[in-house]
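Residue numbers (my numbering), protein chains in the order written: chain A, 223 to 713; chain B, 223 to 713.
Just so you know, not all the hints are guaranteed correct.
The list treats identical chains as interchangeable, and a pair is accepted whether it falls inside one copy or across any two copies.
[Stated by the list, open to error] Simulated pairs of lysine-lysine, DSSO-like, Cα-Cα distance not exceeding 27 Å:
| hint | residue 1 | residue 2 |
| --- | --- | --- |
| 1 | 386 | 317 |
| 2 | 262 | 464 |
| 3 | 340 | 401 |
| 4 | 424 | 400 |
| 5 | 225 | 324 |
| 6 | 386 | 401 |
| 7 | 225 | 464 |
| 8 | 340 | 424 |
| 9 | 401 | 424 |
| 10 | 424 | 225 |
Everything labelled a hint here was simulated from the structure, so no lab data went into it.
2 protein chains.
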Amino acid sequence: MTKTAAMIGGGVIGGGWAARFLLNGWDVRIFDPDPEAERKIGEVLANARRALPGLGNVALPAEGTMTFHATIEEAVHGAAWVQESVPERLDLKQKVYTELQKHVAAEAVIGSSTSGYKPSQLQEGFENAAQIVVAHPFNPVYLMPLVEVVTTEANTPEVIARAKEIITGIGMYPLHLKKEIDAHVADRFLEAVWREALWLVKDGIATTEEIDNAIRYGFGIRWAQMGLFETYRVAGGEAGMKHFMAQFGPCLSWPWTKLMDVPEFTDELVDLIAGQSDAQSGHHSIRELERIRDTNLVGMMRALGATNWGAGALQNAHDAARMGEAGLARNMGEVADLSQPILTQSRIVPLDWTDYNGHMTESRYLDAFAQSTDRLMEIIGCDAEYIASGGSYFTAETHIRHLDEVHAGHPIQVKTRVIMGAGKKMHLWHEMYEGDRLLATGEHMLLHVDLATRRSAPPAAHIEANLTRIAEAHAALPAPEGLGRAIGAAR
Amino acid sequence: MTKTAAMIGGGVIGGGWAARFLLNGWDVRIFDPDPEAERKIGEVLANARRALPGLGNVALPAEGTMTFHATIEEAVHGAAWVQESVPERLDLKQKVYTELQKHVAAEAVIGSSTSGYKPSQLQEGFENAAQIVVAHPFNPVYLMPLVEVVTTEANTPEVIARAKEIITGIGMYPLHLKKEIDAHVADRFLEAVWREALWLVKDGIATTEEIDNAIRYGFGIRWAQMGLFETYRVAGGEAGMKHFMAQFGPCLSWPWTKLMDVPEFTDELVDLIAGQSDAQSGHHSIRELERIRDTNLVGMMRALGATNWGAGALQNAHDAARMGEAGLARNMGEVADLSQPILTQSRIVPLDWTDYNGHMTESRYLDAFAQSTDRLMEIIGCDAEYIASGGSYFTAETHIRHLDEVHAGHPIQVKTRVIMGAGKKMHLWHEMYEGDRLLATGEHMLLHVDLATRRSAPPAAHIEANLTRIAEAHAALPAPEGLGRAIGAAR
Numbered sequence: 223m224t225k226t227a228a229m230i231g232g233g234v235i236g237g238g239w240a241a242r243f244l245l246n247g248w249d250v251r252i253f254d255p256d257p258e259a260e261r262k263i264g265e266v267l268a269n270a271r272r273a274l275p276g277l278g279n280v281a282l283p284a285e286g287t288m289t290f291h292a293t294i295e296e297a298v299h300g301a302a303w304v305q306e307s308v309p310e311r312l313d314l315k316q317k318v319y320t321e322l323q324k325h326v327a328a329e330a331v332i333g334s335s336t337s338g339y340k341p342s343q344l345q346e347g348f349e350n351a352a353q354i355v356v357a358h359p360f361n362p363v364y365l366m367p368l369v370e371v372v373t374t375e376a377n378t379p380e381v382i383a384r385a386k387e388i389i390t391g392i393g394m395y396p397l398h399l400k401k402e403i404d405a406h407v408a409d410r411f412l413e414a415v416w417r418e419a420l421w422l423v424k425d426g427i428a429t430t431e432e433i434d435n436a437i438r439y440g441f442g443i444r445w446a447q448m449g450l451f452e453t454y455r456v457a458g459g460e461a462g463m464k465h466f467m468a469q470f471g472p473c474l475s476w477p478w479t480k481l482m483d484v485p486e487f488t489d490e491l492v493d494l495i496a497g498q499s500d501a502q503s504g505h506h507s508i509r510e511l512e513r514i515r516d517t518n519l520v521g522m523m524r525a526l527g528a529t530n531w532g533a534g535a536l537q538n539a540h541d542a543a544r545m546g547e548a549g550l551a552r553n554m555g556e557v558a559d560l561s562q563p564i565l566t567q568s569r570i571v572p573l574d575w576t577d578y579n580g581h582m583t584e585s586r587y588l589d590a591f592a593q594s595t596d597r598l599m600e601i602i603g604c605d606a607e608y609i610a611s612g613g614s615y616f617t618a619e620t621h622i623r624h625l626d627e628v629h630a631g632h633p634i635q636v637k638t639r640v641i642m643g644a645g646k647k648m649h650l651w652h653e654m655y656e657g658d659r660l661l662a663t664g665e666h667m668l669l670h671v672d673l674a675t676r677r678s679a680p681p682a683a684h685i686e687a688n689l690t691r692i693a694e695a696h697a698a699l700p701a702p703e704g705l706g707r708a709i710g711a712a713r
Numbered sequence: 223m224t225k226t227a228a229m230i231g232g233g234v235i236g237g238g239w240a241a242r243f244l245l246n247g248w249d250v251r252i253f254d255p256d257p258e259a260e261r262k263i264g265e266v267l268a269n270a271r272r273a274l275p276g277l278g279n280v281a282l283p284a285e286g287t288m289t290f291h292a293t294i295e296e297a298v299h300g301a302a303w304v305q306e307s308v309p310e311r312l313d314l315k316q317k318v319y320t321e322l323q324k325h326v327a328a329e330a331v332i333g334s335s336t337s338g339y340k341p342s343q344l345q346e347g348f349e350n351a352a353q354i355v356v357a358h359p360f361n362p363v364y365l366m367p368l369v370e371v372v373t374t375e376a377n378t379p380e381v382i383a384r385a386k387e388i389i390t391g392i393g394m395y396p397l398h399l400k401k402e403i404d405a406h407v408a409d410r411f412l413e414a415v416w417r418e419a420l421w422l423v424k425d426g427i428a429t430t431e432e433i434d435n436a437i438r439y440g441f442g443i444r445w446a447q448m449g450l451f452e453t454y455r456v457a458g459g460e461a462g463m464k465h466f467m468a469q470f471g472p473c474l475s476w477p478w479t480k481l482m483d484v485p486e487f488t489d490e491l492v493d494l495i496a497g498q499s500d501a502q503s504g505h506h507s508i509r510e511l512e513r514i515r516d517t518n519l520v521g522m523m524r525a526l527g528a529t530n531w532g533a534g535a536l537q538n539a540h541d542a543a544r545m546g547e548a549g550l551a552r553n554m555g556e557v558a559d560l561s562q563p564i565l566t567q568s569r570i571v572p573l574d575w576t577d578y579n580g581h582m583t584e585s586r587y588l589d590a591f592a593q594s595t596d597r598l599m600e601i602i603g604c605d606a607e608y609i610a611s612g613g614s615y616f617t618a619e620t621h622i623r624h625l626d627e628v629h630a631g632h633p634i635q636v637k638t639r640v641i642m643g644a645g646k647k648m649h650l651w652h653e654m655y656e657g658d659r660l661l662a663t664g665e666h667m668l669l670h671v672d673l674a675t676r677r678s679a680p681p682a683a684h685i686e687a688n689l690t691r692i693a694e695a696h697a698a699l700p701a702p703e704g705l706g707r708a709i710g711a712a713r
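Assemble the whole structure, with the sequences as input and the hints as a guide.
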């Protein structure tokens with residue numbers, strides 16, 4: 223399968239899709255009659271390049287190539303995926319599909335970003351309806367993992383499997399809805415909340431800022447990690463979900479929401495909301511808000527990654543699937559050349575690793591070195607299973623020298639040498655590079671411990687053997703400059 | 223004002239309030255006729271002790287004392303705050319208030335955890351209605367900052383101000399709603415989403431797990447940091463909020479949500495949801511889910527703290543207000559004794575600082591030491607304002623020795639010595655303790671830099687003078703054990 227995607231329509235959503243594919247190594251071909259399309263997509267892409275590559279802990283593949291094309295025919299040439307993100311008018315979408323079906327490969331998937339139409343409406347009358355699915359993403363598309371994939375009986379299992387595989391491959395989550403419904407799932411919730419929020423503002427109960435605070439200091443943080451039902455399951459306690467529903471169920475017949483009524487969209491209501499929104503957020507430009515949002519999203523998703531939960535667990539799975547491609551070994555057999563320092567990390571500096579000085583903050587150097595130590599431990603056999611059986615290495619001493627700066631979004635690699643590995647001791651030397659530029663060195667003395675007694679103890683024989691084998695191979699290398707050094711002024 | 227709070231009712235919500243007050247240094251007196259109350263509150267408190275103290279970067283005050291009482295009269299003795307969290311029956315609540323008004327001090331605030339009643343309903347017929355407010359929290363109360371404070375004309379400005387001050391003082395956010403409405407604000411949204419979710423499950427569109435994924439991989443993460451309106455403001459782009467509304471407004475008259483209809487709560491529907499929820503989450507006990515939830519909430523809120531945004535910004539403000547109380551100086555004048563190592567950190571190890579070995583992970587030692595360096599920099603005058611003017615210190619070298627382990631939830635303190643401070647150089651020695659137990663030492667060489675050229679340059683005269691003054695005072699102390707040491711095996 224080629225790794226070429228075509229974007230039909232390149233606004234905020236189409237541009238977000240373009241950035242997702244491009245940064246995951248796909249070539250992206252764009253058709254958008256808007257003369258401003260290239261500039262607009264360029265702005266989305268700049269945001270995406272700032273936030274996405276550092277979301278995970280494994281470097282993304284080299285970017286693909288982005289090209290702009292004057293016709294749909296040209297844009298879809300060689301495309302395995304075509305994403306339609308044109309305005310929400312069914313006649314316009316069907317006109318696009320008529321053109322697409324003339325030129326798109328039969329085995330390509332056509333995904334629609336529509337929130338307003340069901341797949342059966344999009345497919346109606348087309349010969350190869352099987353290749354048309356709803357693939358509804360969420361803004362910012364380059365960071366949010368969710369894609370609602372909505373299909374009909376017309377879609378073959380092969381098309382559905384391919385759609386899921388491609389979406390998963392670019393680090394997203396295909397939520398497959400097998401039964402179509404207006405607005406799919408997530409937007410129905412957004413619609414319910416939006417309607418209620420409009421009433422609250424119109425009736426003067428709360429301002430836009432108060433409503434946002436009610437969400438982000440309360441259920442918003444809960445939902446970010448567990449959603450609705452799991453949150454309530456926990457709230458129900460040991461008595462369980464049935465107990466919770468018995469308590470909460472009756473509220474449904476109370477008149478808590480405005481239900482059927484829809485507030486009229488008068489100029490006054492629009493002015494009221496726009497004015498309150500200016501008062502709340504007007505001191506930030508939209509570009510600033512986009513970047514604040516993205517930094518927050520990256521930070522929160524990475525926090526969830528540390529617990530391997532929710533959106534963080536998705537990202538971890540994506541990282542794990544990409545390790546081989548990024549040149550990272552998981553065991554002795556996968557190490558390309560034992561006689562050279564071992565590549566133990568290849569990543570992009572994430573947004574949450576920088577500080578008020580604008581560069582990667584000092585504790586994240588040790589975070590990176592510690593992750594490289596973990597990688598080396600896994601390679602020699604001290605993996606999660608071994609640790610669960612009761613042995614591990616603890617760091618006793620660390621010496622870091624900072625030689626040069628690095629900023630968020632830049633690629634870093636760590637190469638690791640075993641200086642000594644014998645008995646309980648493991649003496650490591652990490653070098654962190656951006657390209658050929660040496661950024662920092664980390665010298666670390668670790669001791670193998672018995673996790674039950676918390677005292678040092680010899681490792682399993684196969685671990686010591688692997689470690690010794692690497693140490694002996696690395697002993698032929700010249701001693702690293704700076705090894706065994708103490709902090710300068712104290713000598 | 224005393225720091226005594228009384229809890230009337232101690233379930234999950236009352237217990238959460240009790241933990242919030244207790245861990246923020248208040249004495250807590252509890253009345254709950256449930257013979258299981260002490261056990262139940264103990265379980266909530268165990269969760270709270272695990273998660274809350276490490277949420278911020280400044281240690282909380284010493285815990286207050288919790289006592290259980292047989293009567294309301296005894297429980298409210300000396301209370302400045304009384305929180306009513308009894309079951310949602312108006313007759314029961316009014317019976318409690320009748321008893322409360324006999325015994326509570328006139329200047330005390332009575333807050334109700336009610337989600338179902340408006341303050342005017344609670345106040346009706348009471349002589350001192352002024353002291354009764356709705357103070358509606360969100361589960362888990364010990365972590366979620368939001369409290370909806372709903373008042374009526376009967377509440378005096380003094381009572382409202384005191385309520386806000388007390389809620390802010392225990393690290394929460396009082397969202398003051400000046401106009402009462404059924405279910406206040408947040409629960410109206412929850413109700414709208416819950417109703418829609420029930421329909422989607424009942425109609426077989428999506429399972430509970432699919433709905434949770436639609437939320438937590440999508441808008442849940444967005445809302446956790448910006449809420450609804452600010453998210454849409456960003457989505458609207460430079461064209462602004464009016465433009466966004468012009469696009470999205472018409473959807474309101476589309477039949478996207480189920481609106482007026484309420485699904486009947488049949489046994490079948492309850493079984494369907496409970497069964498799906500078991501399939502989704504049943505492999506975790508409720509206690510496990512509570513702890514997973516809390517670890518995630520702490521991690522995400524701390525990620526927001528790094529950007530000083532949303533719930534993280536609230537916590538930062540709470541930390542800043544508590545620095546003096548925790549013995550942390552912000553300038554030379556606040557340092558108690560210059561001749562001794564300076565206390566530069568007093569905190570509880572947060573949940574997100576531990577690793578697969580179950581203890582504080584190595585990079586967080588450097589995170590803690592770096593924060594202590596920042597504190598010392600602020601003390602000598604190298605503060606945010608100075609850094610913005612173009613000067614700062616960069617770390618050139620670090621040597622950490624790990625001497626003992628520490629786990630999440632334990633208190634740590636860092637004491638800092640200036641070994642040398644002259645010209646561009648600053649040589650620091652940090653010692654990290656849990657009580658008298660030395661956990662680690664950090665030796666750091668920093669250079670003052672010109673942030674424009676990124677090269678070393680002398681600091682401002684007042685900074686060098688302050689640094690020299692501390693270095694000279696600390697020179698009289700004996701040299702720390704381990705100073706200037708290189709990593710053992712390499713010597």
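Within, between, both or neither, where residue 401 and residue 424 count as close if Cα-Cα is 27 Å or less
Only across copies: residue 401 and residue 424 sit 13 Å apart there, 35 Å inside one copy, limit 27 Å.
Evaluate residue 340 and residue 424 at a C-alpha cut-off of 27 Å and name the case that applies: within, between, both or neither. So residue 340 and residue 424 pass the 27 Å test across copies only (20 Å; inside, 32 Å).
When Cα atoms must be at most 27 Å apart, do residue 225 and residue 464 count as within-copy, between-copy, both, or neither?
neither (48 Å within a copy, 39 Å between copies)
Exercise. What label fits residue 424 with residue 225 when the C-alpha limit is 27 Å: within, between, both, or neither?
Worked result: Intra 49 Å, inter 40 Å, cutoff 27 Å: neither.
Same-copy or cross-copy closeness of residue 262 to residue 464 [CA-CA at most 27 Å]
between (50 Å within a copy, 20 Å between copies)
Check: For residue 424 vs residue 400, is the C-alpha pair at or below 27 Å within one copy, between two copies, both, or neither?
Finding: between (38 Å within a copy, 15 Å between copies)
Go through the copies and call it for residue 340 and residue 401: within, between, both or neither, with a Cα cutoff of 27 Å. The answer is within: 10 Å in one copy meets 27 Å, while 41 Å across copies does not.
Checking an output row: residue 386 and residue 401, CA cutoff 27 Å. Within, between, both or neither? within (16 Å within a copy, 48 Å between copies)
| field | Status of residue 324 relative to residue 225 across identical chains (alpha carbons, at most 27 Å) | value | within (21 Å within a copy, 76 Å between copies)
* **Within, between, both or neither: residue 386, residue 317 at alpha-carbon 27 Å** => within (26 Å within a copy, 58 Å between copies)
The structure fails to meet hints 7 and 10 from the earlier list, while all remaining hints are met.
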